[in-house]
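S.K.: Sequence:
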Amino acid sequence: MSVLIHVFVALHIIGIASLLGGFLTQTKAMGAGTARFSPAMLHGALTMLVTGIALVGFHQADDNPVNNVKIGVKLLILVVILALIYLKRDEEKVSKGAFAAVGGLTLANIFIATLWT
Numbered sequence: 001m002s003v004l005i006h007v008f009v010a011l012h013i014i015g016i017a018s019l020l021g022g023f024l025t026q027t028k029a030m031g032a033g034t035a036r037f038s039p040a041m042l043h044g045a046l047t048m049l050v051t052g053i054a055l056v057g058f059h060q061a062d063d064n065p066v067n068n069v070k071i072g073v074k075l076l077i078l079v080v081i082l083a084l085i086y087l088k089r090d091e092e093k094v095s096k097g098a099f100a101a102v103g104g105l106t107l108a109n110i111f112i113a114t115l116w117t
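Residue numbering for the sequence shown follows the working numbering, beginning at 1 and increasing consecutively.
Among the hints, erroneous ones may be present.
[Stated by the list, open to error] Listed next, the in silico BS3-like pairs over lysine-lysine satisfying Cα-Cα at most 25 Å (straight line):
#1 70 x 93
#2 28 x 70
#3 96 x 28
#4 96 x 74
#5 28 x 88
[As the list claims (entries may be wrong)] Between beta-carbon pairs, the in silico distance windows are:
#6 114 x 60: 19 to 25 Å
#7 60 x 100: 15 to 21 Å
#8 97 x 53: 26 to 32 Å
#9 53 x 21: 27 to 33 Å
#10 54 x 112: 39 to 45 Å
#11 34 x 6: 19 to 25 Å
#12 100 x 66: 29 to 35 Å
#13 14 x 95: 24 to 30 Å
#14 97 x 2: 40 to 46 Å
Source of the hints: derived by calculation from the structure; they are not laboratory data. The C-beta atom is built at its ideal place from N, Cα and C for all residues, glycine as well.
Input sequences plus hints: build the corresponding full structure.
M.R.: If you want it as structure tokens, here you go:
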């Protein structure tokens, strides 16, 4: 089970890298008001959702403790990120506020994952 958990942690990190990388590559465009949500951002967020749910299940199946409040907060943030990206994925330009919100919530999710013990 330990190997499976490590594989899914790696996939989870790849998902966050895709989401954050998609945001960072368009920060200059955000300043110009021409930023848009890329498919990589949507796929990264979906990867995070699937692997995150699987990780919680694997940890519980392996009798490892799970902080349900932390997982709930992270899930709520990810659902907001997914909603913003999904609803505005076909727009040619996304407002600075919506684009910055996705970046800020992504960073918040990273800091919650690493700092909340």
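S.K.: Decide, hint by hint, whether the structure agrees.
M.R.: Now the hints, each set against the structure:
| no. | hint | verdict |
| --- | --- | --- |
| 1 | 70 x 93 | violated, 33 Å |
| 2 | 28 x 70 | violated, 32 Å |
| 3 | 96 x 28 | holds, 11 Å |
| 4 | 96 x 74 | holds, 23 Å |
| 5 | 28 x 88 | holds, 19 Å |
| 6 | 114 x 60: 19 to 25 Å | holds, 21 Å |
| 7 | 60 x 100: 15 to 21 Å | violated, 35 Å |
| 8 | 97 x 53: 26 to 32 Å | holds, 29 Å |
| 9 | 53 x 21: 27 to 33 Å | violated, 22 Å |
| 10 | 54 x 112: 39 to 45 Å | violated, 19 Å |
| 11 | 34 x 6: 19 to 25 Å | violated, 40 Å |
| 12 | 100 x 66: 29 to 35 Å | holds, 31 Å |
| 13 | 14 x 95: 24 to 30 Å | holds, 28 Å |
| 14 | 97 x 2: 40 to 46 Å | holds, 42 Å |
When the structure is compared with the earlier hints, violations turn up for hints 1, 2, 7, 9, 10, 11 and for no others.
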